[in-house]
Each structure stands twice: as structure tokens, then as C-alpha cells.
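Chains A and B, in that order, are what the protein sequence lines are.
All residue numbers for the first sequence refer to this note's numbering, where the first residue is 1 and numbers rise by one.
All residue numbers for the second sequence refer to this note's numbering, where the first residue is 1 and numbers rise by one.
Hint data in this document are derived by calculation from the structure and do not stem from the laboratory.
What you are looking at is a predicted structure, and each value in this text was computed from that prediction instead of being measured.
Check each hint, because a few of them may be wrong.
[Unchecked claim] Result set (BS3-like, lysine-lysine): computed pairs, CA atoms no more than 25 angstroms apart in a straight line:
1. K69(A) x K239(B)
2. K239(B) x K189(B)
3. K157(B) x K377(B)
4. K69(A) x K157(B)
5. K69(A) x K30(B)
6. K189(B) x K377(B)
7. K26(B) x K39(B)
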Amino acid sequence: MSNGTAFSYGRMYFAPLGLAMLAFGCAQIILGVAGRTYTWGLMDLSGEFMLWRGVILFFAGFILLSSLKDFSNIHQQGKMVLANGMVWVIACMEIFAMIAESVPGGEDGGWFNTLDGFLGAYAGPYIPSLWLLPFSLVALHYIRLSRRGSNAVIP
Amino acid sequence: MKLTIDERWELIDRISRQTVAFGGYKHTLKDAIGDLTVKPLTGIPIALTVLYGFWSFFCSFAGFFTDGFMVKIFDDHWLPWLMEVFPDPDGWLFKIFVGEYGAESCFEAFGVLTSGLFVAVGVVLPAIVAFYLFLIVMEDTGYLPRLAVLIDTLLHKIGLHGFAVVPMILSLGCNVPGVTATRNLETEKQRFMMIALLSVFIPCGAQLGVMLELVPEYVGWIMIFLIMGMFVFGFILNKLIPGRAPEILMDVPPYRKPRWRNVGNKLWMRTSSFFTTAIPFVLLGVVLVNLMYLTGMMDRLATVFSPLLTGYFGVPEETVAPLVAGFLRKDLAIFQLASMEMTAGQLITSIVLISLYFPCIATFAMIIREGWSSGWKGVLKYLAGSLLVLGFVVFVWVGVLRIILMIMGVD
């Protein structure tokens, strides 16, 4: 696939992803300000820092959408990488928190968790950034492309 | 041989033609990301994300060790064993070293070997490691100088510049290296302001760790209130103190992948200093507070300060004990506060009061040392100035807090 085609596909791919980030960000901000939570199936809009996460996700969506114009420009791709990176930070910290909670045995348990307790810590529901994480990993492909240097723009 | 200006330029051109290779520079993705992190429109959301990452990592890492293992080690094994083997539960030594006989947790016991060790090793150490680990990664990747550029405009409003972010962030770990790091500020005015502001308004990592463990629901609000105070009083100090606040040029390095060996070495260096500078003060603080209780001095102090504490600040008179302990270690003082019966409003006010009322003894010694570079006059200037700022801040800012809490209806 040529770079031109890759960038066209990239624009088509990241537009809905940016909108999804924006939407989830708005939802978390509204719920956070109202002091409410919402859980729907495996989707969890709650937690200690929901408002903070919402603000970050909102900006990530905004930055991602703003990167789509002239997407082949390296500076625009920088925005795309940063926007996805913001999702990675939230998601990775959530995964780290899950790991940190899953290992110890709890107040009344032993030193380490039981297998059921350990696995149970990873069962849903999950915050929006975790759902967005696999979709945002496509940005790695574009990082690889830019590393090859073929898409660099000389100012 | 004397050259004219034109001949000099000609010579320069000739040398540069022979030695410098000219060509186009391709901007890389790293360059683009570097630019975006210093532009306010993209840089501020990224700073918010980094701050979130830091806070989330700090909570999870410290929680994993403290709640997951340390509480169990100290409360289920260490405390019962000490209660059993330490002789004479009614004696002074027992009260000082083990604390309250029959206490069910190190949180309640308040002895040197129970609460003292638990605070230092069980609560503060994981918090300090988490803080420094994240800070070192930020330093080594090259994000910290970019944060300095980003915050430069804001800090100019209070007479400081972007590099002031370094002592500020270091102070979030420990105020002692924070005070030392003020040496990178240009003028005497900036150094004095930064030392006064950070020793009053920036809680250290140890204090943050204890606050997070005991009163997690209030930490965010308390931090916002303290940071607001720093800017309000920074603005006032900038207007009052004579001197210059010059512009600076910053060299921003490219982003780099941190070398884990360097990260490990730095982490060890910074954490090991915690063992020598912090732990002895925590243990000494517990001894001092216990001795004051046993001799009845604490009760007398509480009676003397009662009108000020209950009348003006609205906190119980027993807060005098954590205030005494806070002179040695703030984390120890917060730990003591949390075991007292108080309303939410009183707890928030007393935590802010402890944060503001006096720098811990290690920071105090550091301020004296920094002032000493200008001789006795310098010491007097730094100490008198800091204490004046401190006294003013404590009365004004804690008073403001009480009014805010009253308006919000927090009892």
C-alpha cells in the first residue's frame, strides 16, 4: 500500500475514532459535573477521576479530529500520535491499577489473591479509554511509516 | 595582522564553506511531537494527561504496597508480636516505643516502633519511590524542560520563570531538594520568593502519601486550594519584594528514550537519602510527642493555644499535638490528625493548617543553609522573610478556607 493510500485510509479511520473520543469525553464530563455515574453492560462511566479522564478524552478527540486536515504532513501526524497517546496513558494506568488490585489478597484474605479473585479483577465493566485502546493502536502503524522517513515533509 | 570587518566576514564564510555541510532538514515525528508539547493549545491537554498519569500511577503503586502488604505486615504480625514480647505495658518505655496497649492497628498505637515505622516504611516509602520513579522518567525523556516552557508565561505573572517548575516538582517529592534547586533561578528576589512559596504551599510526597492513604476524598480539593494560595501570594510577593524577574532562554533537548540503568541509579540515589534524612525525624517526632504527652506538657500547650485553635481556626485544641509533630515531619502530623475525631470541615482545615504553618525541620535547616551563602545577613533575610510570609499566609489563607467551607455548608 502506498503512503498516499495509507493516509487516505488513516483519515477515514481516525475521523470516527476522534468522534468517539469526543463523545465519550463529553459524556464523562457531563456525568462528572453532575456527580452521577452510569454503567451499561461492560461500559463503565464512573470512578474516582472520571471528570479528569473525561476532560483528557475530550481534548484527545478534539486534537485527533484537528489532525485530519492535511494528514500526510508530519506535524499533523504528530497530533494524531499525541491524541492516541493520551488514550494510551489513561488506559495503561487503568490496566496498572487493575494489576495492582488483583495481586494482594485483600483485607481478610491471605498474602496473595486466589485465582478466582485474581481473574475477577480483570472482569468488566471497563472505562471508555480501555474500549478505545485497541482501536487507537493503529497509530503505531503510522509511527512506523513516519520512521521510515518516506512521509517527511521538508518545511 | 589586523582584519577589517568585511575581511573577517569573508574569512568566516570561507571557513564555514569548508567545514559546514548545508542541506535540508527533514522534520521527524519526534520533532513534531516536541513542538506540540510546548504549544499551549496542545501542550496544556498533554500536561493534564501527564499529571493524570502521575497521579494515577502514584495512587496505584503506593496502594499496592501499603494496602496490599504493609498494613498486613504491621497490623497482623509486627504489632501483636511487639505487644507480646515488649515488657511492662504500663511503663514509659512501652508507651514510647510500642504505644497504646491493646491497640488493634499501628494506626492507633502511636509508638516509635509501631506507628513511627509504619508511617516511614509502610506508607511514605512506597509513595516516595512512586513519585521519584515518575519524575525521573519525565526528566530523562525530556518532558520536564517542555513543561517549563509551557508554564513560563503563567509563572511570569508571579515574578518567576519556567525553570521554577523544577524546584516546585522536586518539592512534591521533598522540600529539601526543592530548596536546593532554587539555585537555578536568576535573581535573589526569585530565589527568596520560590523558597518562601514552596516551603509553605507545596506538600511533600511523604505528606501526600499519608493524605492519600487516610483522607483520599479531600486530597484533590486541598491541593487545588494550596496551589491557588501559591499563585495568590506569589502575585502579592512579586509586587511587594523589590528586585528583577528577568526573561530567560531555555535549551530544550530532544525527546529521548530513558536508559533504565540511569533511572535505577537516580532512583536509588534519591530514595536512599530518604532513609537518612526522613526516617530519623519521623521516629524522633514520635518520641517527642509521646514524651510531651507523658509529662503533661501537651495538655498545657493545648490549653494555651486553645483560643487560637478553636476560636480562629475552628479546629479542636488537641490539634496542638500534630502541630508539634509537624515541625519534625508533616506526614507524621497528618497521620496523627486522621486518628482524631473531627468533622469533615475541621479535618480539611487542620490538614491545610499543618501544610501551611511551618516547614519541617529539614527544610528549615536547608533554608538557613541557602541563606548562609550570603552570610548572616542572608540567613536573617531568608528566615525573617519566610516566617513573615508564613505568619501572614497561615492567618489569611486558613481564614479564607473557613469562609469557603462555611459558604459551601461543610461542617
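(request) Could you grab the alpha-carbon distance between K69(A) and K239(B) and see if it respects the 25 angstroms cut-off? (result) violated (46 angstroms)
(request) For the pair we were handed, K69(A) and K157(B), check the Cα-Cα distance against 25 angstroms. (result) violated (36 angstroms)
(request) Starting from K239(B), check that the Cα of K189(B) is at most 25 angstroms away, please. (result) This hinted pair holds, its Cα atoms lying about 11 angstroms apart.
(request) Sort out whether K39(B) lies within 25 angstroms of K26(B), counting only the CA atoms. (result) Distance of about 20 angstroms is within 25 angstroms: holds.
(request) Could you grab the alpha-carbon distance between K157(B) and K377(B) and see if it respects the 25 angstroms cut-off? (result) Given that 25 angstroms is the threshold and the Cα spacing comes to 28 angstroms, the pair is violated.
(request) Starting from K189(B), check that the Cα of K377(B) is at most 25 angstroms away, please. (result) Holds, because 15 angstroms separates the two Cα atoms, which is no more than 25 angstroms.
(request) Take a quick look at whether K69(A) and K30(B) sit within 25 angstroms of each other, Cα to Cα. (result) holds (20 angstroms)
Taken one by one, the earlier hints fail for this structure at numbers 1, 3 and 4, listed in ascending order.
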